Every structure is written in C-alpha cells, then in structure tokens.
Amino acid sequence: MHPMTSRERTDAILAGKPVDRIPHFPFILGFCARNLGYPIATIYSDAEKSFAAQKMTFEQYGVDWGPLYGYASYGTWEFGGQIDMPTGAYQQAPAHKCFPVKAEEDIDRLILPDVRTAGCLPIAMAFSRLQERHETPISVVMGGNFTIAGNICAVERLCRWMIKKPELAHRILRLATDHILDIVTHWVETFGAERVIPQFWEPLASNLIISPRQFRHFVLPYLVETGERIQELGVRHVLHHICGDQNANLPMWAEVPMGDPGLCSFGEEIDIDRAIAVLGAQAVIIGNLDPSLLLTGEPAEILERCRQTIEKGKRAPRGFMFSVGCELAPETPGYHLFLVQKALERFGTLGEP
Amino acid sequence: MDADRRAAFLKQLHDAVVDMDEEKTPRLCREALEAGIDAYTAIMQGLAAGMDTVGRLYEQKEYFVPELLLCSDAMYAGLEVLRPQVKVGEHEAAGKIIMGVVEGDIHDIGKTLVKTMFEAAGWEIFDLGKDVKLERFAQTLRETGADVVALSALMTTSMMAMPKAIAMLKAVDPKVIVLVGGAPLNAEIARQYGADGYAPDAIAAVETAGRLFTKAA
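Chains as they are written, first to last, in my numbering: chain A, 1 to 353; chain B, 1 to 217.
Same shape as in the complex, but just chain B (with noise of 0.2 Å):
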C-alpha cells in the first residue's frame, strides 16, 4: 500500500474517533486490516492519535463528559478489532497501571476517563473498578509489579482512605509511583498523603505518570 493510502487510512481511523462513530470505527478497522495496516499501527496512528485530540478538544472546554465518552466508546470498539490482531510480544506496553476508586466511593467516571486515556497511551491496565478495598490495591501490585497505581475518589470522606492506601503500596514497592486525582484532591493535600503525583484529569494523568515513570527509569 502506498504511503498515502495508508496515511488517509489511519486519518479515518482518527477522525472516527473524534465523531464519537462507534458502528464506523470497528469497520474502518476491518478495512485497514484487509488492506495490509499492521493492527498495532492502526491502533497507535489511529485509534490513539484520535484520543490524543479527544484530549486536547477536553482541555480546550470543546469537549466535555458526554463527548469523551463516546469518543471512548468508539475507541474501544475499534481495539476490539485490532487487539487481537497485535502480534504477541512485538510491542511492549508503555507501562503497568492499577487504577481504583477506593474503598467507600462509588463514583467512577473520573476513572473511567483515566482508564480510556492510558489506553490510549499503550499502557498496561488492571482496572480494579469502583469501592476497592485497600488491601485489594496491595494485592495486585503483590501480583501485578505493577510501575504505577492511580487512586481516585470524589468524597472527602473516602479521599481519606488515600493515606493508608499509598503507605500499603509504598510496604509493597517502595518505588511504586502512586498518582492520586479527584474533586476533593488537591496537590498540596495529594503531597500530605505521600502520593507522588496529583492529577487534576485523565489527560493529566496521563502526562503525569509518564513524566515520573521516565523520570523513575
């Protein structure tokens, strides 16, 4: 396939993406696929690289909740084409994320954004979900030996939770990079914690982590 084909190709890709097309985007992958793209290309220069302007659209106030989501809902439906397409061992992932609401909050929008957004970014993800257990996020890192873990809440109360989390991580993997985010959270309160960074949103987080993850290296 010649250069601009493949160009124009992964531009749909993209642009499906940031139209929030959930039927489009799966078939455009279909597409790419039987013309030759590499799936991991058309994940990275495509379905990412619409993400990535899904993101700068959100911090320009262009695109709010709703738009993400289905922007996210797009994306997905385009990885699940081309996931399995990925040759194994070819491409290794940016890093390993634990992400969770903790223990007493049940409000996961915030994360589910992170969650697209890391995606997005190549990143490894065990999703924990909603109103996890301290323990639990110790477990996996135990598991997982996982670089980084993000903890997020929306109530002052379960923000509170946060210090006890990151002290459990920090006993497993001392060098655990730990990000914290959510409306009550602030990065003054994020340092009282002992959290090493404080994410104000997704796109953020995103920068975040990878800034002290190459920083860690």
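The following block holds chain A by itself, in its conformation from the complex (with noise of 0.2 Å):
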C-alpha cells in the first residue's frame, strides 16, 4: 500500500476503509507550544499562533488527524466563571479561578451562555475556521455533560448534590447538556454536519470520584440525549476522551450513541483489549499510552509499550488510532515522541489489505 497522506489516513479511518498504518492521534496540546517556543497559554489565547504551533509539531512528529482546540476546564468561563490561562512554570492548561456557582441561589441566576461571544467560544470558533481552511476535522471540544457541571459549580459541590440535593445536580446538568446542543448546532450551522466532528472530554465522569451507579443516573441520561440530538442533526461522529479510571462505567458508555463510527479515545487506566470488547464494534479505539511514561520513562520501555498498546490496537474491528491516554506534559523530552512516530512506522503498519 502506498504512504497515505495524514488526511487520507483521516478519511479512510472514518469511512472504515484501510490504512496503510495506525494513524497518530493528537493530544499533545502544550508540547506544540514549548516546541515553537511559544508561551503554553497561546495555544488557548492565540487560534493562529495555536493552530500553526500543532501543525507545524505535527509535520515534524507525524501526527494525524488535525489540530485542536479546547480544554478540560471548559464551561467555567463560559458560564460566566473566571479561569486563569496558564502561566507558571509548573501549569499545563487553563484552570478555574472562581466558579459561577458558589452556592444554591446562584443557580437562579444562570442563562445558556450566547455560543457566539461567551468565554473562550470565539477563539475555538476562529481556530474551526482554521480548521475548515486547511482542510482538517473540524473539531470543538468541550467538556462532557458531568464535567461541564462540575465545571460551572465546582465537583465537590456537584458530588454532594447528586446525593443531598439531586434536584440541584439535574438543574446544572440540564443547563450542561442544552448548552452542549447549542454549541453543536452553532457548529453545524456554520461548517455543515458532515464536517464537524464534536468531542467530549469526560473526566470528572470516572470511577475515582463517581461510582458506577452515579455514572448511570446523572452522567449516562445526558450523554444519551445529546448524542440523539446530535445525530438529529447529522454530524457523523462524536468523539469521547473516556478519561481516568472509567472501567466500571465502560459497559454504559456501549449505550450511547455517537455516530458511525463513534470515536472513543480512553485513559491509559482502560485495557485496550477491554475498550475493544466493549466498544469496539460501535467505535474506532482512540489510546492510550500512559504520558507519565513518556515525560519519565528509558526509550527503550517506552519504544516497547508502544509496540504492546499498537499490537493490541491493531484488533479494533472499526479502527484505531494511537494516541496519549491523557494530554502529553509538554516538558516531554521530544525524543520520546520521536519514538512513538518510529514505533508506528516499525509496528503500526497494516499491509495490503
């Protein structure tokens, strides 16, 4: 099979159609950064700056996919929160500052935020544009349902709701989940179903802080009616980032629905050969090397669990693409990542199909 370019290796990836090897799935947001020596908040303050910041890494690397824009925290600004960009030596990505919910009557007083000037949505619009220009998915990320609410009053006020005051979680969750579906259709509006491909980062959603029986009543309603709502609309893939340890919730996240083929990138916490069996006929398989491993481990450990976690892709019935199982350290040593583009030109490859 001749090389495929990297947008080729996209597009046959999601029309189930063969590659010639495992793409490299991008999530590595700060590196890019620190690579072009530019400050880490550009890449959340800059769209140009960020989106040929990542391209740029991205040819050097041999990265797939396209670039991204977007971070875990979302939701606080836009809800009318404040966050810090980050600046200090030892901060990865933006962070909250003050929450727009500090306590029950504040909840009166939230509104649906405008999708077009509210917080950091004009800069993530700016960079779809870029996306749109260069011909990469066009990608807004967001928190998931759970980590939006926990985003807009703080999780250890929504944890403590979910059990004295349900009431109060499910009001947050609904404004999390309309806000979420105003988004989407916003995007859809401006690029075209078949173009955007949303995503959801989920963390606050894992077993180390919910149990699994929480995770089906307040996380898996909201997640199941936004990907209907979103399909309504067209959009042909949704991608999760199922992040942190969320192996008693994995059965669950089988039941929603996010597109054909869904996209599910997992924490380093998930077994890919789990992620496979559970989801594995609904979604490509997006994972998950442990990004501890590659700020801290010997090139030869590192080179080796990328063969093991490439091998174990490789059984993906509708695909898979490797990637970081959480966002890289951008103090990353760049040989490491080196390693992982040697990893898959040695072991990621697929032959004739």
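If you are wondering where the hints come from, they were derived from the structure by calculation, not from laboratory data.
The structure presented is a predicted model; accordingly, all values stated were derived computationally and were not measured.
Any given hint might turn out to be false.
[Said to hold, decoys possible] Per the computed footprint, the stretches of chain B lying under chain A, defined by three or more beta-carbons under 8 Å from a beta-carbon of chain A, are:
1) 43–55
2) 66–78
3) 117–127
4) 175–187
[To be verified] Residues of chain A clear of chain B, computed beta-carbon distances all greater than 12 Å:
5) I40
6) M162
7) A277
8) G334
9) K342
[What the hints assert, rightly or not] Derived DSS-like pairs (lysine-lysine); straight-line CA-CA distance at most 30 Å:
10) A:K164 x B:K11
11) B:K11 x B:K87
12) B:K164 x A:K165
13) B:K24 x A:K164
14) B:K11 x A:K97
Backbone N, C-alpha and C fix where the C-beta goes; we use that ideal spot for every residue, glycine too.
Take the two lone chains, each set in its own frame, and fit them into one complex as the hints suggest.
This is the structure:
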C-alpha cells in the first residue's frame, strides 16, 4: 500500500477503509507551544498561533488527524466564572479561578451562554475556521455533560448535591446539556453537519470520583440525549474522551449514540483489549499510552510499551488510532515523542488490504 | 454511665458519620458530652471509628468521592462540638503532617480527602491548600518541625515540581518523611523523585505515613 498522507489516513479511518499504518491521534497541546518557543497560554488564547504551532509539530513528529482547540476546565468561563491561563512553570492548561455557582441561589441566576460570544468560544470558532481552511477535521472540543456541570459549580459541590439535593445537580446538568446542544448546532450551521466532529472530554465522570450507579443516574441519560440530538442534526461522528479510570462505567458508554463509527479515546487506566471488547463494534478506538511514561521513561521501555499498545489496537474492528491516555506533558523530551513515530512506522503498518 | 450505654452512644456516633448525617452527628456529640462521655473518646471511638469504616467502604468500592465528602462533612460537624472539650495536653497527636497541592495545580479534591483521613487518625495537620509555592512547604517545615510532608499533584506538569520540592524539604530536615500522591504518579516515579513513599489514595496515605513514621521513630 502506498504511503498515505495524514488527510487520507484520517478520511480512510472515518470511512471504515484500510489505512497504511495506525494513525497518531494528537493530545499534545502544550507540547506544541513549547516546541515552537511559545508560552503555553498561546495554545488557548491565540487561534492562529495555536493552529500553526500544532500543524508544524505534527509535521515534525508525523502526527495525524489535525490541530485541536479545547481544555478540560471548559464551562467555567462560558457560564460567567473565571479561569486562569497557564503562566507558571508548572502549569499545563487553563484552570478554574472562580466558579459561576458557589451556592444554591447562584443557580437561579445562571443563563445559557451566547455561543457566539461566551468565554473561549470566539477563539474556538476562529480555530475551527482554520480547521476548515486547512481541510482538517472540525473538532469543537467541550467537556462532557457531567464535566461541564462540575466546571460550573465545582465538582465537590456537584458530588454533594448528587446525594443530598439531586434536583440541583440535575438543574446544572440540564443547563450543561442545553449548552452543548447550542454549541453543536452553531457549529453545524456554520460548517455543515458532515464536517463537524464534536469532542467531549469527560474526566469528572471517572470512577476515581463517582460510582457506576451515579454514572447511570447522573451522566448516562444526558450523554444519550446529547448523542441522539447531535445525530438528528446530521453529525456523523462524535468523539468521547473517556478520561481516567472508567472501567466500571465502560459498559454504559456502549449505550451512548456516537455516530457510525463513533470515536472513543481512553485514559491509560483502561486496557485496550477491554475497550475493544466493549466499544470496538461501534467506535474507532483511540489510546492510550501513559503520558507519565513518555515524560519519565527510558527509550527502550517507551518503544516496547508503544509496540504493545499498537499490537492490541490493531485488533479493533472499526479501526484504531494511537494516542496518549491524557495530555502529553509539555516538558516531555522531544525524542520520546519521536519514539512514538518510530514505533508507529515499525509496528503500526497494516500491509496490503 | 454503664459500659453498654457508652458503647451504644459511640456506635450511634460511628453510624451517623457512615450515614453521612451532618445534622445528627453534632447533636449526638452534644448528647454524648452531656451523658459524661469523654470528648477524646467520642472523637476516637465514635467519629474516627466511623471514618475507618468509611475508608473500608471506599476500598471495597461501596463508597466513592461523593459519599466520602459527606461523611467528612459529618465528621467535621462533630469535631466542632467535641474538639473544644478535649483536655489540652492530655492526648498527643499521632504525628505532625504538612500537606498541600503543589505549585501550578488547583485540583485539591484528593488532598481534601487525605486531610480528612489524617484528621480521623489523630494527626496534627498543617494544610497549605492548593497551588502552593514550593518555598512555602519548606518554610512551614522550618516553622512546625513536622514529621511528614504530603505533596499532591493531578497534572503531569505540576508533578514535575515535586523533585524540587522534595530537595528543598530534605535540605531543611533530611529526616522528614515525604509522601507523594496524585493521578500521574506511581511508586517508580516517587522513587525517582526522591520521595519516601507513594500513596494511591487517601486511605493508603494514612497507612503509609504511619508505617514510615513508626519505622523512623
């Protein structure tokens, strides 16, 4: 099979067609800023520079798909709170500074954000226009419903309300869900349903925080509703980043409509074999090398762990893309990312269809 | 008070914490004091025993963070009633611990749970909060002479502050026990960074600190 371009590889995997090698899906935002000598905040505050830094870094390290804009604390700023851009030596991504909801009575004052002007959305839209111009996937990135809810009222408060005042938790989740649907509608109206691939990052629904029973009651219904409504808009693929240890939630994720195929990326806590067993029939599997290993590991170990991940991923029936399980630390040695490229070239080829 | 009635009081206190009852727990504490139960006994055999059970339920995956937070609220509501009644100087703390989330990181839910479990285990705690400048850990160690320092990080990048923090702490007191924890860490990284111990969760943190502290003593 002739070597494919990144775009050919991405198009093929979404169309369920053969690829020349396992694609490398990016989760390396701050690393790209450092690679170009920019402050990390540039990735989140300047669409042009962010896109360019990612595109150049992807070219250097053979990364596929296309540049992304988004961060896990999404929702705080958009609903009227404040975030801090990363400026310190040990900061990786925007962080909450002040939550919009600090007490019960604040919920009454919450309104759905204007998706044309709220928070980071104008930057996200500028970024998506670059994705359109460069013909890369138009991936508007948000938190999942539960994660946005946690970013509105602080996860500790959401956790307490789930047990003591579940009606308040549901009110926040309702707003988060309506906001997600507003965003996807706006993106679809701007770029067309066939071009938009929404991404939902859901770290707060991890079993490090909530139980599978709480997931079923407070997360799953909103994910299902969102998935159904997005498909009604004509969107073909949705990407869920199933972040952290969600082993106990995994069977429930299989109930979430996510397109044909859907796309599921996993934290390093989930074994790829199990991810394939549970979600492989409906989704492209993406994952999931431990970013701590890429930061601190020895080259031989990194190469071997890449090989193991790739070999497991090759068995995914709807396709597999290699990625780190969570965002790569910006300080990761460049040679370690080069080892991923080397592993994909050495072990990730798929031969003639 | 007879032993049966006393045990029943303490059991009710235990259960109120396990049942996450923030209203009932302080009421029972007041009733316990009125009935002549020693405040320290009520703390250790009522509230702290309740948190021990909560820790076990967490390990067994019966309880998760929402339940832990509410049990912790109940315990603190009880402590507010009982602590002022503990006779000063009569009971020694299990040890002194400084804790905080390192510079660059604002994720403190794990640290909050660690604090609760150390509180229940009778440690004297100096909680520095989140996004703590590394020098502040060292300064607090100088001021308090703590036995243990527990550093937390959720992000891979903030984790990288730990080796520097550990070096600063060991420069102040080479014998201080440094524990690290948080999602991106593991025992191997803890070892590379020069920590004395790694704990994957709040319950393990108390056990590890206790074990290392006993060994060092």
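To see whether the hints hold, each was checked on the structure:
Chain A is given as covering the segment 43–55 of chain B, and this is violated because 0 residues of the stretch bring a CB closer than 8 Å to a CB of that chain, at least three being needed. For a cut-off of 8 Å, the count of residues in the segment 66–78 of chain B with a CB near a CB of chain A stands at 5, and the three-residue condition holds. Counting residues of the segment 117–127 of chain B whose CB falls under 8 Å from any CB of chain A gives 0; the rule of at least 3 is not met. With 4 residues carrying a beta carbon less than 8 Å from a beta carbon of chain A, the segment 175–187 of chain B meets the three-residue requirement, and the given coverage holds.
Taking the minimum C-beta to C-beta distance to chain B, about 9 Å, the non-interface status of I40 of chain A is violated against the 12 Å cut. Residue placement check: M162 of chain A does not keep its beta carbon more than 12 Å from all beta carbons of chain B (closest about 5 Å). For A277 of chain A, the shortest C-beta to C-beta distance to chain B comes to about 21 Å, beyond the 12 Å cut-off, and the non-interface label holds. No Cβ of chain B approaches the Cβ of G334 of chain A within 12 Å, the least distance being about 16 Å, so the stated non-interface status holds.
With a minimum CB-CB distance of about 22 Å to chain B, K342 of chain A clears the 12 Å threshold, and the non-interface call stands. Distance check on the hinted pair: K164 of chain A and K11 of chain B sit about 23 Å apart at the alpha-carbon level, within 30 Å; holds. For the hint pairing K11 of chain B with K87 of chain B, the CA-to-CA distance comes to about 23 Å; that is within 30 Å, so the pair holds. Among the hinted pairs, K164 of chain B with K165 of chain A is inconsistent with the structure: their alpha-carbon atoms are about 43 Å apart, more than 30 Å.
For the hint pairing K24 of chain B with K164 of chain A, the CA-to-CA distance comes to about 14 Å; that is within 30 Å, so the pair holds. For the hint linking K11 of chain B to K97 of chain A, the alpha-carbon distance of about 41 Å lies beyond 30 Å, and the restraint is violated.
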